[in-house]
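Asks: Take the sequences, apply the hints, and build the full model.
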Amino acid sequence: MQHEFTITTSGAGLYEFTSEVTRWLCTQGDGLLTLMIRHTSASLLIQENADPDVCRDLQAYFSRLVPPASDPAMQYLRHTAEGPDDMPAHIKAAMMPVSLNIPVKDGRMRLGTWQGIYVFEHRSAPHRRHVAACLMPLG
Amino acid sequence: MQHEFTITTSGAGLYEFTSEVTRWLCTQGDGLLTLMIRHTSASLLIQENADPDVCRDLQAYFSRLVPPASDPAMQYLRHTAEGPDDMPAHIKAAMMPVSLNIPVKDGRMRLGTWQGIYVFEHRSAPHRRHVAACLMPLG
Amino acid sequence: MQHEFTITTSGAGLYEFTSEVTRWLCTQGDGLLTLMIRHTSASLLIQENADPDVCRDLQAYFSRLVPPASDPAMQYLRHTAEGPDDMPAHIKAAMMPVSLNIPVKDGRMRLGTWQGIYVFEHRSAPHRRHVAACLMPLG
Numbered sequence: 004m005q006h007e008f009t010i011t012t013s014g015a016g017l018y019e020f021t022s023e024v025t026r027w028l029c030t031q032g033d034g035l036l037t038l039m040i041r042h043t044s045a046s047l048l049i050q051e052n053a054d055p056d057v058c059r060d061l062q063a064y065f066s067r068l069v070p071p072a073s074d075p076a077m078q079y080l081r082h083t084a085e086g087p088d089d090m091p092a093h094i095k096a097a098m099m100p101v102s103l104n105i106p107v108k109d110g111r112m113r114l115g116t117w118q119g120i121y122v123f124e125h126r127s128a129p130h131r132r133h134v135a136a137c138l139m140p141l142g
Numbered sequence: 004m005q006h007e008f009t010i011t012t013s014g015a016g017l018y019e020f021t022s023e024v025t026r027w028l029c030t031q032g033d034g035l036l037t038l039m040i041r042h043t044s045a046s047l048l049i050q051e052n053a054d055p056d057v058c059r060d061l062q063a064y065f066s067r068l069v070p071p072a073s074d075p076a077m078q079y080l081r082h083t084a085e086g087p088d089d090m091p092a093h094i095k096a097a098m099m100p101v102s103l104n105i106p107v108k109d110g111r112m113r114l115g116t117w118q119g120i121y122v123f124e125h126r127s128a129p130h131r132r133h134v135a136a137c138l139m140p141l142g
Numbered sequence: 004m005q006h007e008f009t010i011t012t013s014g015a016g017l018y019e020f021t022s023e024v025t026r027w028l029c030t031q032g033d034g035l036l037t038l039m040i041r042h043t044s045a046s047l048l049i050q051e052n053a054d055p056d057v058c059r060d061l062q063a064y065f066s067r068l069v070p071p072a073s074d075p076a077m078q079y080l081r082h083t084a085e086g087p088d089d090m091p092a093h094i095k096a097a098m099m100p101v102s103l104n105i106p107v108k109d110g111r112m113r114l115g116t117w118q119g120i121y122v123f124e125h126r127s128a129p130h131r132r133h134v135a136a137c138l139m140p141l142g
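Protein chains in written order, with this note's numbering: chain A, 4 to 142; chain B, 4 to 142; chain C, 4 to 142.
These are calculated hints, taken from the structure and not from any lab test.
One thing to keep in mind: the hints can contain errors.
What the hints assert, rightly or not - Only pairs whose alpha carbons sit at most 27 Å apart, straight line, appear in this in silico DSSO-like list of lysine-lysine:
#	chain 1	residue 1	chain 2	residue 2
1	B	K108	A	K108
2	B	K108	C	K108
3	A	K108	C	K108
Replies: In structure tokens form, the structure reads like this:
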């Protein structure tokens, strides 16, 4: 009842993996699903998966709210050894979830109609992101 | 041990439902309570419930941090079909919790003295918000 | 399988307590660990614990994103009775996690290589922060 998902990213942005989670759950039963991303420069989000502009706008907003370390407004940052996207990635990882919990009933996540599960990659370079999963059986 | 709370909102702001949760739990026993909001344009918060100015100030701050799409600074947003408050609501829903976990002991949530549970409505129009609840029994 | 950690803080900043959690878990076994901070003016974070500049930069960023109530840009805040750092602390507590979940396998948290667990103190004065812990056994 523990598992690990691997999501391959190709730069900053949102990567949906709802269907991978759905597939794994259908062999597991009911309970409480917990997901935790094992990194400090990417986040887990539940967000709208109907209009792709939502993901695009989320990325656009947060890249403005937390500009790269090369931006004049961000000159106070010190953790810049890995590049201008390094520390902003940690900041975004502090502002957005590292863990998510989703009740599961009759083998299905109790998500709303438009809710999808995403890795939000904050780094510019491609990464392999590992998400620890755990299903606590109920009843 | 699964349940759904429905919270009726009348525009952007915080709506406390701690007492509804307390009432439901007292018939359930001990364990781990999980709440998950089934929407991507509202959040769940644990916040101070002593001074109502805290909720007012939270609303005032986040409406400035994420202005409506009609604001000149937000012209880059594309997901605006449902109105100027649509995409800012998704952004706030990414920044604030979609799920909460509260340990329960002797039938009571282990909240701090001033902690209350809220739906933070990010849309301008009234909505009915659904919160999935799940109590995992302990011991 | 319930516990409470007490973390003593000496002003705004990040305070790691990963080793305290590790020590407690090794006597408990496997399952799902939940941590919840019992306050509304401090947060729980999972963040990088390799380079201390990450914690310093997080503190520097959020103190700029949410300036004290004495800042001209923040004159609209009303909840200021306890001082200029009071309401900004609540705002930061809304933006960063109040609860965390970490799957535990073979008695060890499934954290990534560089992940540590922190209390992020948002108030200027020293505080004693209480973190409720709960381990749900698995299998």
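Asks: Hint by hint, note whether the structure agrees.
Replies: Verification of the supplied hints:
no.	hint	result
1	B/K108 <-> A/K108	holds (24 Å)
2	B/K108 <-> C/K108	holds (24 Å)
3	A/K108 <-> C/K108	holds (24 Å)
This entry satisfies every hint, going by the numbered hints stated previously.
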